[in-house]
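Engineer: What follows is each chain in one-letter form.
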Amino acid sequence: MAEVMQAADGTPLKRSLARALRRQKLRALGLIAPLLFFVLITFIIPIGNMLFRSVENDIVQNTLPGTIAVLTAREETGVPGEDVFTALYIDLFIAEEQKLHTRLGSRLNYEQTGASSMFRRTGRAVGRFDTGTYTDAITDANPAWEDPAHWAATVEANAADLPRTANAWSRWQAVFAAEGDEIGKRNLEDFLFTALYLDLRDADAAPAGLDAAYDAARATDPVSIKDAFIDADDKWGAPQIWETLTLYAPKYTPGYFLNSLDYQKTPDGIEKRPENEQIYITLFGRTIWMSLLITFSCIALGYPIAWLLANLPMRKANVLLILVLLPFWTSLLVRTSAWKVMLQQQGVINDVLVWVGLVDNANRLIMINNQFGTIVAMTHILLPFMILPMYSVMQTIPPSYLRAAKSLGATNWTAFWRVYFPQSVPGIGAGSILVFILAIGYYITPEIVGGTKGVFISNRIAYHISSSLNWGLAAALGTILLVAVLVLYWAYDKIVGIDNVKLG
Amino acid sequence: MKLTKTLMVTTALTVASGTAFADGHMASDMTLVSWGGAYQASQQNAYVAPYLEMNPGVTAVWDESSAEAVAKLRAMNEAGNVTWDVVDVVAADAIRLCDEGLALEIDPDEDLAAAPDGTSAADDFGDLLVSDCFIPQIVYSTTFGYRTDLVGDTPPTSVCAVFDTEAYPGKRSLEKRPINNMEWALLCDGVAKDDVYDVLATAEGQQQALDKLATIKDDVIWWSAGADTPQLLADGEVVMGSTYNGRLFAAIEEQDQPIGMLWDAQVFDLDGWIIPAGLSPEREARARDFVKFATDTQRLADQAKYISYGPARASSAPLVGKHETLGIDMAPHMPTDPNNAKNTFLYNYEFWADYRDDIDAKFQAWLAQ
Numbered sequence: 001m002a003e004v005m006q007a008a009d010g011t012p013l014k015r016s017l018a019r020a021l022r023r024q025k026l027r028a029l030g031l032i033a034p035l036l037f038f039v040l041i042t043f044i045i046p047i048g049n050m051l052f053r054s055v056e057n058d059i060v061q062n063t064l065p066g067t068i069a070v071l072t073a074r075e076e077t078g079v080p081g082e083d084v085f086t087a088l089y090i091d092l093f094i095a096e097e098q099k100l101h102t103r104l105g106s107r108l109n110y111e112q113t114g115a116s117s118m119f120r121r122t123g124r125a126v127g128r129f130d131t132g133t134y135t136d137a138i139t140d141a142n143p144a145w146e147d148p149a150h151w152a153a154t155v156e157a158n159a160a161d162l163p164r165t166a167n168a169w170s171r172w173q174a175v176f177a178a179e180g181d182e183i184g185k186r187n188l189e190d191f192l193f194t195a196l197y198l199d200l201r202d203a204d205a206a207p208a209g210l211d212a213a214y215d216a217a218r219a220t221d222p223v224s225i226k227d228a229f230i231d232a233d234d235k236w237g238a239p240q241i242w243e244t245l246t247l248y249a250p251k252y253t254p255g256y257f258l259n260s261l262d263y264q265k266t267p268d269g270i271e272k273r274p275e276n277e278q279i280y281i282t283l284f285g286r287t288i289w290m291s292l293l294i295t296f297s298c299i300a301l302g303y304p305i306a307w308l309l310a311n312l313p314m315r316k317a318n319v320l321l322i323l324v325l326l327p328f329w330t331s332l333l334v335r336t337s338a339w340k341v342m343l344q345q346q347g348v349i350n351d352v353l354v355w356v357g358l359v360d361n362a363n364r365l366i367m368i369n370n371q372f373g374t375i376v377a378m379t380h381i382l383l384p385f386m387i388l389p390m391y392s393v394m395q396t397i398p399p400s401y402l403r404a405a406k407s408l409g410a411t412n413w414t415a416f417w418r419v420y421f422p423q424s425v426p427g428i429g430a431g432s433i434l435v436f437i438l439a440i441g442y443y444i445t446p447e448i449v450g451g452t453k454g455v456f457i458s459n460r461i462a463y464h465i466s467s468s469l470n471w472g473l474a475a476a477l478g479t480i481l482l483v484a485v486l487v488l489y490w491a492y493d494k495i496v497g498i499d500n501v502k503l504g
Numbered sequence: 001m002k003l004t005k006t007l008m009v010t011t012a013l014t015v016a017s018g019t020a021f022a023d024g025h026m027a028s029d030m031t032l033v034s035w036g037g038a039y040q041a042s043q044q045n046a047y048v049a050p051y052l053e054m055n056p057g058v059t060a061v062w063d064e065s066s067a068e069a070v071a072k073l074r075a076m077n078e079a080g081n082v083t084w085d086v087v088d089v090v091a092a093d094a095i096r097l098c099d100e101g102l103a104l105e106i107d108p109d110e111d112l113a114a115a116p117d118g119t120s121a122a123d124d125f126g127d128l129l130v131s132d133c134f135i136p137q138i139v140y141s142t143t144f145g146y147r148t149d150l151v152g153d154t155p156p157t158s159v160c161a162v163f164d165t166e167a168y169p170g171k172r173s174l175e176k177r178p179i180n181n182m183e184w185a186l187l188c189d190g191v192a193k194d195d196v197y198d199v200l201a202t203a204e205g206q207q208q209a210l211d212k213l214a215t216i217k218d219d220v221i222w223w224s225a226g227a228d229t230p231q232l233l234a235d236g237e238v239v240m241g242s243t244y245n246g247r248l249f250a251a252i253e254e255q256d257q258p259i260g261m262l263w264d265a266q267v268f269d270l271d272g273w274i275i276p277a278g279l280s281p282e283r284e285a286r287a288r289d290f291v292k293f294a295t296d297t298q299r300l301a302d303q304a305k306y307i308s309y310g311p312a313r314a315s316s317a318p319l320v321g322k323h324e325t326l327g328i329d330m331a332p333h334m335p336t337d338p339n340n341a342k343n344t345f346l347y348n349y350e351f352w353a354d355y356r357d358d359i360d361a362k363f364q365a366w367l368a369q
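Here the protein sequences line up with chains A and B, keeping their order. Per our numbering: the first sequence = residues 1 to 504. Per our numbering: the second sequence = residues 1 to 369.
So that you can see chain A by itself, here it is in the shape it has in the complex (with noise of 0.2 Å):
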């Protein structure tokens, strides 16, 4: 029989050991918590938050609740009839109020255009409308009806009678509540008279203590809710509204990724844009291309520099090494305006050719504005984290290898392709990586030198953010481009190995 191993305190040595494990791993944990908790909370979370943006949509169904859910109900489609417009009234009345109406007419014109003077204008005519024959008609037969306490004790009283009213009335009450008021007397709007007034028509008799209201509310007329929110905007009386809405009724939609993909929503399903609307494929096939292209000159130009900067003598390789250094004291801006000066058809290297005589003067160079201009530009500005991981795994590799292979007979670009090259890979991967995950990223470069053709997705991102205000879709266009990066790097594992790349 196999006895238990015991530590000295007697405890079995297992338990003993993993204890004092656990407690060393704790304090390690203990000792990057600092860090773990900023990474958390500055760079994690506010990430993750804004990629959530890319398909959080409960916008349309906070802002209108009792419309939505009329809406998605119904079976037929179109033009809806006055019940979803009497929940759309009492919506917009309790969203104008808080000034929602506006931004959710922001966030619809990003679908249908036109949508936003929609909601604007609407919200204005909403306190407009002819209901208030409804009001006056109660409020004639009962003065009570005047007193905000007269109507919380007869909707609690009655809820069950009067559905709509005691919905409409506790969702104002609440907004009062939100700023820490009471619905006054001035507050009595007309929509509460109205959703009362539908109550009392619909119920098949006068609900206790209601008599007054219900004989007032069956001698009065009904005035039709569709009719003035057709005369407030007529976009009201088509159906592409009522399509937009229901399509983006859910809390979540895919809307955005589709969007980004040149796709669209439509009520037969997904379809691809019209082509005079189609950029963002187009975009995203042009900033991988291109910034595969300036990863491939940095390589090109950096490679020679990042040699003989391992290999000259020390004192030298120092003053070089500051002139690689050198930019990245100069504002981004200004190295990139520079280049403007140096490329422009009126530019130094333009003058220097005429001059010259090597191209006439009625035909300049075209360098800059176009794809060519954000390609030097960039990979001027991205050289230096090319030559840096190159220069640091160069001056790891002895020189001896090199000699070594010479004495057995290699010629100069043998020893140097078959012995030096191979060693100097993991640079090459570490400085690839760098450049390309960092130009795929850039816009305010190819927004200066990069005209119509040199445009990266960046741009785009930046515009939505700064100048739409669609942070859904430049969430999605970011998750896209974020996705498409490890791909790459993915793809980068499997070919060369990540264990492979060495910053030095």
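Check before you lean on any hint, since a few could be wrong.
[Stated by the list, open to error] Derived lysine to any residue pairs resembling SDA-like cross-links, with alpha carbons at most 20 Å apart:
{"#": "1", "chain 1": "A", "residue 1": "K99", "chain 2": "A", "residue 2": "S170"}
{"#": "2", "chain 1": "A", "residue 1": "K99", "chain 2": "B", "residue 2": "V82"}
{"#": "3", "chain 1": "B", "residue 1": "K72", "chain 2": "A", "residue 2": "S170"}
{"#": "4", "chain 1": "B", "residue 1": "K72", "chain 2": "A", "residue 2": "R103"}
{"#": "5", "chain 1": "B", "residue 1": "K217", "chain 2": "A", "residue 2": "M367"}
{"#": "6", "chain 1": "A", "residue 1": "K453", "chain 2": "B", "residue 2": "E175"}
{"#": "7", "chain 1": "A", "residue 1": "K340", "chain 2": "B", "residue 2": "A225"}
{"#": "8", "chain 1": "A", "residue 1": "K226", "chain 2": "A", "residue 2": "K185"}
{"#": "9", "chain 1": "B", "residue 1": "K212", "chain 2": "A", "residue 2": "N276"}
{"#": "10", "chain 1": "B", "residue 1": "K171", "chain 2": "A", "residue 2": "T452"}
{"#": "11", "chain 1": "A", "residue 1": "K453", "chain 2": "B", "residue 2": "L367"}
{"#": "12", "chain 1": "A", "residue 1": "K502", "chain 2": "A", "residue 2": "M367"}
{"#": "13", "chain 1": "B", "residue 1": "K72", "chain 2": "A", "residue 2": "G48"}
[Said to hold, decoys possible] Cβ pair distances, simulated, as ranges:
{"#": "14", "chain 1": "A", "residue 1": "I41", "chain 2": "B", "residue 2": "P281", "range": "24 to 34 Å"}
{"#": "15", "chain 1": "B", "residue 1": "P281", "chain 2": "A", "residue 2": "A69", "range": "52 to 62 Å"}
{"#": "16", "chain 1": "B", "residue 1": "G37", "chain 2": "A", "residue 2": "E146", "range": "50 to 60 Å"}
{"#": "17", "chain 1": "B", "residue 1": "Q369", "chain 2": "A", "residue 2": "W490", "range": "30 to 40 Å"}
{"#": "18", "chain 1": "B", "residue 1": "Q369", "chain 2": "A", "residue 2": "A491", "range": "25 to 35 Å"}
{"#": "19", "chain 1": "A", "residue 1": "L333", "chain 2": "B", "residue 2": "D153", "range": "31 to 41 Å"}
{"#": "20", "chain 1": "B", "residue 1": "N81", "chain 2": "A", "residue 2": "F52", "range": "19 to 29 Å"}
{"#": "21", "chain 1": "B", "residue 1": "I216", "chain 2": "A", "residue 2": "L35", "range": "51 to 61 Å"}
{"#": "22", "chain 1": "B", "residue 1": "Q369", "chain 2": "A", "residue 2": "A73", "range": "39 to 49 Å"}
Derived from the structure by calculation, the hints contain no laboratory data. Idealized CB from N, CA, C, for every residue including glycine.
Based on the hints, put chain B in the right spot on chain A.
Structural biologist: Chain B in isolation, oriented as in the chain A frame:
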């Protein structure tokens, strides 16, 4: 011992006077947001410096973030920490901020100063109050400048010269966005000025405008910063280009460049203040107090001494004088001067709020082709 006592007394006095000056219910420091450069300098000279002089103990800090104001304000609002007190934005951005609930609504007659003759602020600003949240300061225009030495003997007089590459060969610079360019394209494609927005509201009209722009696409350098066109004109990279009229004024009058103004079909736009929503009562009170002062008749007229943008108040126009350093009369350089304003557009805010997303998508796709 005595020294400590003296120190304590002086400190107490300073604190007391400080609070007295800073007026209990108003914050004593403000962060103003503007565009930087000559424009911000004109604001500093015309009303910020006088305001600070009138209110000792109040300090103002500038933040040159107007270009990203909408996005930054939205982010600040979501984070629940609005650090700006008064923000200078173009009217279209003000409308957007108002729609998003990020700017305070203003009652012109209560929050703004009346004109010296008693005209109410609402009447004095008139149609320029394009949003409930917007307090206009200046009227600027986007218009064309051309190189006087590169256009031959017949300098252009019509905006359609931009589309006439035979009479005026060479490159042109246009802003890298559809707004203004689409209107000019339609105007020069035979659409009557009054019909431009009706046509532009249709898919065919948008295509028509893009087709007209396509005729000069190879000759266009697209700009995204207001300083680009003056630089391109000065370097002779382009023969003509659009930019803000104040930039062209600076290039012509201050830097003596061989540039001429083409005022035809200039597009008026407005720039002004908004007060962000969500400020503490003290800061809001300070912001309102400042804005009321900064947009009164004299202050807006003073601003025209430093920059060639027209004051947004009708009552300020007669008070516009000479340039502070150049000493030239500023009135003829105002976009609103009758000689310059023979044929003008007013930026159609409602149209572009609706159509901006749609037309921009088409415009960018067209550019990338």
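Engineer: Each hint: holds or not?
Structural biologist: Comparing the hints with the structure gives:
For the proposed pair A/K99 and A/S170, the alpha carbon gap of about 18 Å is at most 20 Å, so the pair holds. Restraint check for A/K99 and B/V82: the C-alpha separation of about 18 Å stays at or below 20 Å, so the hint holds. Between B/K72 and A/S170, the direct Cα distance comes to roughly 35 Å. Violation of the 20 Å bound is thereby established for this hinted pair. For the given pair, B/K72 sits about 16 Å from A/R103 by alpha-carbon distance, which is consistent with the 20 Å threshold.
For a cut-off of 20 Å, the pair hint linking B/K217 to A/M367 stands: about 17 Å separates their Cα positions. Straight-line distance between C-alpha atoms of A/K453 and B/E175 comes to about 15 Å, which keeps the hinted pair within the 20 Å bound. Taken as a hint, the A/K340 and B/A225 pair is honoured in the structure, with Cα atoms around 14 Å apart against an allowance of 20 Å. Under the criterion of a C-alpha separation no larger than 20 Å, the hint pairing A/K226 with A/K185 is inconsistent with the structure, at around 28 Å.
A hinted pair counts as satisfied when its Cα atoms are at most 20 Å apart, and B/K212 with A/N276 qualifies at roughly 15 Å. Between B/K171 and A/T452 the alpha-carbon distance is near 15 Å, which keeps this suggested pair within the 20 Å criterion. Of the supplied pair hints, the one linking A/K453 and B/L367 holds, its CA atoms being roughly 8 Å apart against a limit of 20 Å. For the hint pairing A/K502 with A/M367, the CA-to-CA distance comes to about 36 Å; that exceeds 20 Å, so the pair is violated.
Among the hinted pairs, B/K72 with A/G48 is consistent with the structure: their alpha-carbon atoms are about 19 Å apart, no more than 20 Å. At about 31 Å, the CB distance of A/I41 to B/P281 agrees with the hint of 24 to 34 Å. The hint said 52 to 62 Å for the Cβ distance between B/P281 and A/A69, and at roughly 39 Å that hint is violated. The beta-carbon spacing between B/G37 and A/E146, approximately 57 Å, falls within the hinted interval of 50 to 60 Å.
Hint check: B/Q369 to A/W490, Cβ distance near 33 Å, so the stated range 30 to 40 Å holds. B/Q369 and A/A491 have their C-beta atoms about 30 Å apart, which keeps the hinted 25 to 35 Å range intact. At about 40 Å, the CB distance of A/L333 to B/D153 agrees with the hint of 31 to 41 Å. Separated by about 21 Å at the C-beta atoms, B/N81 and A/F52 satisfy the suggested range of 19 to 29 Å.
Judged by the Cβ atoms, the range 51 to 61 Å given for B/I216 and A/L35 holds: they are separated by roughly 56 Å. Under the hint 39 to 49 Å, the C-beta atoms of B/Q369 and A/A73, about 44 Å apart, fit the expected range.
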